[in-house]
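A.B. asks: Here's the letter readout for the chains.
Protein chains: 2
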Amino acid sequence: MMQRPPAEPGMDESEIDTPAAIIDLDLMEANMDRMAAFCRKAKVRLRPHAKTHKSPVIAHWQIARGAIGQCVQKPAEAEALAWGGVRDILVSNEVVTPRKLARLAALAKMAEISLCADNEGAVAAIERVAEAAGMRMRVLVEIDVMGVRCGVLPGAQAVALARRIAASRHLVFGGLQSYQGVAQHLREEEQRRDAVAQAARNTAETVDALRAVGLSCDIVGGAGTGSFAHEAASGVYNELQAGSYVFMDADYARNRPGPDFAQSLFVLSTVMSAPRDGTAVLDCGHKGVAVDSGLPLVFGRPEIEYIGASDEHGTLALRSEAAGSLTVGETVRLVPGHCDPTVDRYDWYVGMRGRRVECVFPVAGRGMMQ
Amino acid sequence: MMQRPPAEPGMDESEIDTPAAIIDLDLMEANMDRMAAFCRKAKVRLRPHAKTHKSPVIAHWQIARGAIGQCVQKPAEAEALAWGGVRDILVSNEVVTPRKLARLAALAKMAEISLCADNEGAVAAIERVAEAAGMRMRVLVEIDVMGVRCGVLPGAQAVALARRIAASRHLVFGGLQSYQGVAQHLREEEQRRDAVAQAARNTAETVDALRAVGLSCDIVGGAGTGSFAHEAASGVYNELQAGSYVFMDADYARNRPGPDFAQSLFVLSTVMSAPRDGTAVLDCGHKGVAVDSGLPLVFGRPEIEYIGASDEHGTLALRSEAAGSLTVGETVRLVPGHCDPTVDRYDWYVGMRGRRVECVFPVAGRGMMQ
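Chains as they are written, first to last, in my numbering: chain A, 133 to 502; chain B, 133 to 502.
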């Protein structure tokens, strides 16, 4: 069962059923324009990460502004986009089981599909599926430039794996996946710059070592909303994979300076109880707003603090100097600590122009973890 | 779009697509039998909380063992159960908006529906909807016995609100909702006992004060998996609302002593990378297993620790003395830190007998936050 649509076009914000994921379309469009302009000027391709928005509708808005395609993390997310007409999709992640690989091979009949590998066994599994499907699949080597997750070591290990891919009749070597995820959330500009510089050096050395054995990298991809200007400036990366810039979140806003994008995604929530002076309880707890990167903020109401999330309740504290108070039935906009997993709780986006609902469309990739 | 079913009946566990929510049916049935036997012996009614399982299928299994109905937190959860044939549903939470109340009134044509209120404005809103629907709606007064969330104060405030409900031609006073949620997760038995004793005293005084004005409480409801024996022993509560006992989780298992139920829900996850000795990366991060109550455990593999969750990646550390290692493509069962929000990430349950898939059925209340 899907959630019922929480609104219809033409409604006022006060009529939206809550909790609901609402987008300020003006601000989201400005974010997309700003990133597109940056990439044009920096002469680097933009392949935004759809793990943030999970929507072919938003993907097409990005592509209309010059993005060359989309990134996803999972085959089921790739399906949600390809079935929505997106033509070029990179699974920026390892896929290792025959069942998932067969789905990607089937999807490659309707879109350009690339994926990543970081070990010989995975390459062999992809090769078997590609051979069975009678096609060549495009595989990038993921290199580990942050030392904490997937990826082979930059340099000789990466070259060996790339040669294995390039030597296969059923595979195409597509380049390098090089994502420095830790750098995104380092708070100081110099920390982020230095972390990306190290990743870029490792990546450049690997690109050079590949060139020395006759392998060129169509894609050298990475970067995120917290650091993309550094990857672009490095001259090594030719595709930026930032995703969060489209919506922003409270955690990225804690970077100094924060990324130059506006918060455009909110969770609309209703006060369902105001049991004591200085306290109110919302109808949105951590089932409705992800708390893995901190509690949400209350948009435009600095006198109110969201101090606790249980499953279906959010507890607010009103600072004593507050001009007003919160009344039962009133709504507030929450700024999620982290948009990607927050969006994953919703089946529908409500697109707003100011306080008016302009459109309601599905989060087609919601829950697509497989 | 729903997730595709990750398995079919008859499959072996190794054939299940991951991540997937799997239930050990033998252990879940034993948990349900044990709780049913406890309630029969304690002469207290059982109204399990469906916020844990979100499934009319599991609700009916509980009801077949003697449960009188179900609790939910949201009108959309009530719909998922009533549309699946559950006949008696208590929304153990405040519902304040006309749109949601109208849905509950409609639902009351096909099932017995009760809900809670903690303020006069909410009672008036319920009354208006009941009058418009030409029916009487059953309303409980929620009292705040833990001082942190919804609820009027026990005693005079609660009595005033109950009298307001009982005086309405469109409402029926249904009793008291008295949930001591904090007590559930206090680690020591004496702490939980003392916290519940305080809540029970406040509740008993309110029941007495209501009786003094001629109002009797059909339902005096509360309790959870961490404390239900104390509520049952108090003689005040006549309905227990425990939910997690059916699945258990890693957090409840940290209570001393832990509740006498077995872990029956797991997230099945696949190793998608093993980049370095002593490390492996799973295809399940915090989008697939809730981390609000701590990271998951790896079931039956004490030599492996789940040390980090990003959106779609779970990082494992193998202790050096580990007999074996983890290989790409291998699956593990994760014990969620908290089952309720973990289940909320999945559209399907996979019911297992040992390692064989017996049934696949929907998490009908998944995402039903409205």
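Bear in mind the hints are in silico, worked out from the structure with no lab data behind them.
Take these hints with a grain of salt, some might be off.
Some, not all, of what chain B presents toward chain A, calculated at C-beta under 7 Å [unchecked claim]:
| id | residue |
| --- | --- |
| 1 | ASN387 |
| 2 | ARG388 |
| 3 | ASP424 |
| 4 | LEU427 |
| 5 | VAL430 |
| 6 | PRO473 |
| 7 | MET501 |
Covered stretches of chain B, going by a simulated chain A footprint (3 or more residues, C-beta under 8 Å) [what the hints assert, rightly or not]:
| id | stretch |
| --- | --- |
| 8 | 226-235 |
| 9 | 405-412 |
| 10 | 441-449 |
Don't be surprised by glycine CBs; every beta carbon is placed ideally from N, CA and C.
A.B. asks: If a hint holds in the structure, say so; if it does not, say that too.
C.D. replies: Comparing the hints with the structure gives:
| no. | hint | in the structure |
| --- | --- | --- |
| 1 | ASN387 | 18 Å, violated |
| 2 | ARG388 | 23 Å, violated |
| 3 | ASP424 | 5 Å, holds |
| 4 | LEU427 | 11 Å, violated |
| 5 | VAL430 | 18 Å, violated |
| 6 | PRO473 | 5 Å, holds |
| 7 | MET501 | 5 Å, holds |
| 8 | 226-235 | holds (count 6) |
| 9 | 405-412 | holds (count 3) |
| 10 | 441-449 | holds (count 6) |
In summary, the numbered hints that this structure violates are 1, 2, 4, 5.
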